[in-house]
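Let's have the full structure, built from the sequences with the hints guiding it.
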Amino acid sequence: KGDAAAQKQAEPAVLQPTPQPKDDFQEELVVRPLHSGDIYASFQFRTLWETDFMRGNKVSHYRLFPKSLGQVISKFSVRELHISFTQGYWRTMQWGQPYLPSPPGAELWVWFQDSVTDVDATWKELTNVLSGIFCASLNFIDSTNTVQPSASFKPLGIGNVTDHRFLRYATLPREIVCTENLTPWKKLLPCGSKAGLAVLLKSEKLFHSSFHSQAVHIRPVCQDWQCKTTSWELRQTLNVVFDLHNSGQGKREWSLFKMFSRTLTEACPLASSSKIYIDITDNPEQFELSPATSLLSQAMVLGDRRTFSVYDLTQQDTFGNCTPFCDMLRPLLHAERYVAGYGLQTGEIHTLMYNHHPYRSFPVLQLDSVPWYLRLYIHTLTVTSKGKDNKPSYIHYQPSKDRVRPHLLEMLVQLPPNSVTEVTVQFERALLKWTEYTPDPNHGFYVGSSVISSLVPSTVAMDTNSTRERPLFSSFFPCKEESSYFVRVYTEPLLVNLPTPDFSMPYNVICLTCTVVAVGYGSLYNLLTRSFQIEEPSPGLAKRIANVIRKMRGVPPL
Amino acid sequence: MFLSERRRGQLAALSIAAVVIIVGVPLWWRTTETYRAWLPVSQIKELAKLQLQLSADVEAVFARGTVTPEQQKKVPLTQTQEEERAIDEDTALRYRYETRYRTATIMEEDALNQPSAAEADLSLHTLSESPCGSLVVYVIPESSSLLPEDVNVYIGQRRTALLRIGPQMRVGKTLEQLLAHLEPRIRQVLQVMSFSHNDITAALSDRVRFSPDNKESIADNMRAFKSSPGYEITFSLLNPDPKSHRLHWDIEGAVQTYIQPLLTKLSPVANFSIDSQTLYYAMLGVNPRFDTSRSAYTLNADSLAHVINPVEARLGSNAASSNPVLNFLLYVPDAQHSPLYIQGRKKQEVPSNAFHSPRWGGIMVYNVNGFYGSEPEFPVDININMAKVMGVFLAQLRLLLGVQSSTPPPGFLVARCGSTGLADWELDRLMWSRSVENVATATTTITSLAQLLDQIGNIVINDNIAQQVSSAVTSLQLAVAELEAGNLGFALQYSKEAILASEKAFFDPSLLHLLYFPDDQKFAIYIPLFLPMCVPILLSLLKIVSEARQRRREKQAKKD
Numbered sequence: 001k002g003d004a005a006a007q008k009q010a011e012p013a014v015l016q017p018t019p020q021p022k023d024d025f026q027e028e029l030v031v032r033p034l035h036s037g038d039i040y041a042s043f044q045f046r047t048l049w050e051t052d053f054m055r056g057n058k059v060s061h062y063r064l065f066p067k068s069l070g071q072v073i074s075k076f077s078v079r080e081l082h083i084s085f086t087q088g089y090w091r092t093m094q095w096g097q098p099y100l101p102s103p104p105g106a107e108l109w110v111w112f113q114d115s116v117t118d119v120d121a122t123w124k125e126l127t128n129v130l131s132g133i134f135c136a137s138l139n140f141i142d143s144t145n146t147v148q149p150s151a152s153f154k155p156l157g158i159g160n161v162t163d164h165r166f167l168r169y170a171t172l173p174r175e176i177v178c179t180e181n182l183t184p185w186k187k188l189l190p191c192g193s194k195a196g197l198a199v200l201l202k203s204e205k206l207f208h209s210s211f212h213s214q215a216v217h218i219r220p221v222c223q224d225w226q227c228k229t230t231s232w233e234l235r236q237t238l239n240v241v242f243d244l245h246n247s248g249q250g251k252r253e254w255s256l257f258k259m260f261s262r263t264l265t266e267a268c269p270l271a272s273s274s275k276i277y278i279d280i281t282d283n284p285e286q287f288e289l290s291p292a293t294s295l296l297s298q299a300m301v302l303g304d305r306r307t308f309s310v311y312d313l314t315q316q317d318t319f320g321n322c323t324p325f326c327d328m329l330r331p332l333l334h335a336e337r338y339v340a341g342y343g344l345q346t347g348e349i350h351t352l353m354y355n356h357h358p359y360r361s362f363p364v365l366q367l368d369s370v371p372w373y374l375r376l377y378i379h380t381l382t383v384t385s386k387g388k389d390n391k392p393s394y395i396h397y398q399p400s401k402d403r404v405r406p407h408l409l410e411m412l413v414q415l416p417p418n419s420v421t422e423v424t425v426q427f428e429r430a431l432l433k434w435t436e437y438t439p440d441p442n443h444g445f446y447v448g449s450s451v452i453s454s455l456v457p458s459t460v461a462m463d464t465n466s467t468r469e470r471p472l473f474s475s476f477f478p479c480k481e482e483s484s485y486f487v488r489v490y491t492e493p494l495l496v497n498l499p500t501p502d503f504s505m506p507y508n509v510i511c512l513t514c515t516v517v518a519v520g521y522g523s524l525y526n527l528l529t530r531s532f533q534i535e536e537p538s539p540g541l542a543k544r545i546a547n548v549i550r551k552m553r554g555v556p557p558l
Numbered sequence: 001m002f003l004s005e006r007r008r009g010q011l012a013a014l015s016i017a018a019v020v021i022i023v024g025v026p027l028w029w030r031t032t033e034t035y036r037a038w039l040p041v042s043q044i045k046e047l048a049k050l051q052l053q054l055s056a057d058v059e060a061v062f063a064r065g066t067v068t069p070e071q072q073k074k075v076p077l078t079q080t081q082e083e084e085r086a087i088d089e090d091t092a093l094r095y096r097y098e099t100r101y102r103t104a105t106i107m108e109e110d111a112l113n114q115p116s117a118a119e120a121d122l123s124l125h126t127l128s129e130s131p132c133g134s135l136v137v138y139v140i141p142e143s144s145s146l147l148p149e150d151v152n153v154y155i156g157q158r159r160t161a162l163l164r165i166g167p168q169m170r171v172g173k174t175l176e177q178l179l180a181h182l183e184p185r186i187r188q189v190l191q192v193m194s195f196s197h198n199d200i201t202a203a204l205s206d207r208v209r210f211s212p213d214n215k216e217s218i219a220d221n222m223r224a225f226k227s228s229p230g231y232e233i234t235f236s237l238l239n240p241d242p243k244s245h246r247l248h249w250d251i252e253g254a255v256q257t258y259i260q261p262l263l264t265k266l267s268p269v270a271n272f273s274i275d276s277q278t279l280y281y282a283m284l285g286v287n288p289r290f291d292t293s294r295s296a297y298t299l300n301a302d303s304l305a306h307v308i309n310p311v312e313a314r315l316g317s318n319a320a321s322s323n324p325v326l327n328f329l330l331y332v333p334d335a336q337h338s339p340l341y342i343q344g345r346k347k348q349e350v351p352s353n354a355f356h357s358p359r360w361g362g363i364m365v366y367n368v369n370g371f372y373g374s375e376p377e378f379p380v381d382i383n384i385n386m387a388k389v390m391g392v393f394l395a396q397l398r399l400l401l402g403v404q405s406s407t408p409p410p411g412f413l414v415a416r417c418g419s420t421g422l423a424d425w426e427l428d429r430l431m432w433s434r435s436v437e438n439v440a441t442a443t444t445t446i447t448s449l450a451q452l453l454d455q456i457g458n459i460v461i462n463d464n465i466a467q468q469v470s471s472a473v474t475s476l477q478l479a480v481a482e483l484e485a486g487n488l489g490f491a492l493q494y495s496k497e498a499i500l501a502s503e504k505a506f507f508d509p510s511l512l513h514l515l516y517f518p519d520d521q522k523f524a525i526y527i528p529l530f531l532p533m534c535v536p537i538l539l540s541l542l543k544i545v546s547e548a549r550q551r552r553r554e555k556q557a558k559k560d
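Here the protein sequences come in this chain order: A and B.
Residues 1 to 558, numbered by our numbering, are exactly what the first sequence covers, in order.
Residues 1 to 560, numbered by our numbering, are exactly what the second sequence covers, in order.
Some hints could be false.
Claimed, not checked - Subject to a maximum C-alpha distance of 20 angstroms in a straight line, what follows is the list of computed DMTMM-like cross-link-like pairs (lysine to aspartate or glutamate):
1. Lys45/B <-> Asp206/B
2. Lys74/B <-> Glu59/B
3. Lys202/A <-> Glu266/A
4. Lys74/B <-> Glu176/B
5. Lys258/A <-> Asp243/A
6. Lys243/B <-> Asp334/B
7. Lys504/B <-> Glu125/A
8. Lys194/A <-> Asp24/A
9. Lys386/A <-> Glu422/A
10. Lys22/A <-> Glu50/A
11. Lys194/A <-> Glu312/B
12. Lys243/B <-> Asp24/A
13. Lys226/B <-> Glu503/B
14. Lys187/A <-> Glu312/B
15. Lys386/A <-> Glu336/A
16. Lys433/A <-> Asp502/A
17. Lys22/A <-> Asp381/B
18. Lys124/A <-> Asp508/B
19. Lys243/B <-> Glu266/A
20. Lys75/A <-> Glu50/A
21. Lys265/B <-> Glu252/B
22. Lys187/A <-> Asp23/A
23. Lys243/B <-> Asp381/B
24. Lys226/B <-> Glu497/B
25. Lys22/A <-> Asp250/B
26. Lys243/B <-> Asp23/A
27. Lys186/A <-> Glu312/B
28. Lys205/A <-> Glu180/A
29. Lys186/A <-> Glu204/A
30. Lys22/A <-> Glu252/B
31. Lys504/B <-> Asp463/B
32. Lys187/A <-> Glu266/A
33. Lys258/A <-> Glu204/A
34. Lys124/A <-> Asp114/A
35. Lys194/A <-> Asp334/B
36. Lys522/B <-> Glu33/B
Honestly, the hints are just simulated from the structure, not real lab data.
Structure representation (structure tokens):
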């Protein structure tokens, strides 16, 4: 199979100056011992690429950025894409705020370019392609669980288009996350799981945890503070909470090997930075890190100044263990939700939003997307704080259409200091058609988490300089003011029982109807076709016996 | 009175039976039938018996010194030859060669007086451009110095060929003898430049199960991708060892310089899109063996089949389209396994250090140990020589796309293809076989769809499917007609439309909405209704019939 064309070329040793790559890869792991004794590990991988996907140019050349996602961006004219898969529920009160919040199940929200004409068709196609890329059932996203929030999900990257016609948001609270979702996610990393921090991502350990969440965020960001050049940022995050109490030997000590059953030997050679941060803010004297590191770093995260010891993997390091005891900053914003009521006809959704700040009140945006089969009675919507009526300053409500679209309720509510605000709304359960029930209808039907976004007043001054070199985990949500920081809180998803019929009923009904029809028809038919005639009344019993006797005697009958 | 009462009962039974048969049965039939739009079944059946006729136009031009002045007067004449070949019982091929003879114009004479064949070819091309699918053969005298000694036919870069008249055809022979001498040779030129029977039967392989003569022709037929309206070309740089090698390849410039001209030329045949990516830590599936005699690692030809699989998992499919993907991989072996050479079947080294996999793509191993220097300091920055790489990939691309460079018969000289990498006549050749292949594929798709729909009565046929089928049939008929007329460009266009429409119809998801109810369930539902309704009707009908028969018998008895 020799190719003749190759022979004619000699091999000149070309040594041009190597071009500066336009892409950059960083990786980071934050380990935070939690108040409850669990260990929170958060991986972030960021690929920056200075390119323009929207060019008409058909040729596209990828180096660090994964080709499959690049093709998705350019084909579907995506401006921002955020997708997360989560198993388990983040316990805000015990664990504090996560670096990147996500609701249980799958969540997808996408901003399209304003050049897209048919957003719904593009969205449908995009979800199908993404479900292939991530091996998830995102193809179940359709118009009945897609909403267009008007205020809650603003673009996180640059760009001032805020016309929510180009935004689509959907959740699949039922989605179960497992290894088959992790493998394609790892494949998007330039080093795969062969080198760098991704070596630690071993699925047996990751899914043997209290909480697991993996996400992909794509957005355009500024390259410099003047924003002359823009680049695309792909941020892959993976958050996991290990319960070392249960799995460990009861000792309050941990190591990377105990958590992940792997150790780190090298950084990813393609990464420009590869760092591990250990949160030692709470009671640093009780920590004993081995090997010790002299690098300390302070970062403003979620309204709190925290101290981290930093291990730079590009230097040679090995790891030991340490013993944590710490006290946690109480989260200022917290929310929970439940269904109340009895019977299978009506019910009531209660959402509780806690403001733990001692003296500041702040506004929150609440977003609820409720499937159409719960018919919300919007006139029963009440918002109360401290026993008093709290009128929302902004309400955006889009009623549902049966089998077409869900309810969308967005409210801007002011939370008074140190209070609980309760939002209640009543609903009626709809009867579904018998083919619309899931295979296990008695399990119940999921209602996605309610999303609460807010700018929470901060106790320390936040860093607003967006271009300064900061750890990845503290730089995701853009920070515009010094006195507050952005927080998004997801409530629990709800599981609601709907009235379920006896599923053999259709057949029974068919049989019963047919029988009734046949019986009615039969008697009618008999009436119509039988010929009626007068019959001689039959002789009485005595006469018949007498006749028999007479016959035996040879006498003619009566 | 007794009789009339009986009669009334009988009439009632009969009329109920009549109502059930006239109203009930059609109503039941109408409400339970599946919607099936009308399909052009008779036309599809016609297409199942495919009669393909390929027409090729050849213009033979006599240069000065090949014909005598008397013969010149008779010369503007046309000869038509037909050849018919049956492939199997359903497919028949007919070739029609139309040769028009004329003498050269003065300008053409000037062009033919150029010093070399290549220059003559170029200046003949500037004189007139022959349409796609046709050929011009210039017959030059034996004494002409245009061609080297042992070359009789020169095939240019465009659609022209120079044919040197044989030594036995000295002036003085009659025109008939001359034509009889030329005709088989023109046919030979045509088979090289347009189509040969072998190409066409290979293109029909979708319709016809034929047993090729030897193994090699099977391999040839299997190598090229199937005809498709578009292809995705993906270049992947595999760097299994990013710790020691920092690779730089100017793929963007290389694609512009080497690949794009070819694809622009091929644009009538298909649409192409090009991507490239770099994959790190991508290993081959086989551990290369260390060859102590050459102090190098070798990959055996037998193990090459196992190389691709683990890499393919990393390549990723194209998310944005469903066209077939041509993969070209450039593998830079890691520092520990370097240099790496591919060994052929006879233990000899493959000079290009590359191989291709039929209908999949090509892999090239690029050794970089020459860049290490005396004391290598890892990671080493390496600029890949794209000219060398693209030379190999271009050759593989031509093979995989079916631009076959079959060896010409003895005495033929084929001009080197220019900067575009593809001569006009090669494109024509590809278009001929692609048109035939498209027609063959589309007819098979449409006939098997019709067969399937005919066999399974429960499939719903929506109007849009019927429309797709009709448009596929129309395009097919047009494509066949254009092939017959010799309009190659239109034929390819219509055959592409036919293949698109037929595939769209065949893979329409609505065909899956099969209204499938097993017979036992149908009976379970119908019996509670039908049994109590039909039994009395049947019984009373039987009774009426038996009574009528008895009455007739009684009448017969009375008569006797």
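Violated hints, by number in ascending order, as checked against the structure:
Hints that this structure does not satisfy do not exist here, as all of them hold.
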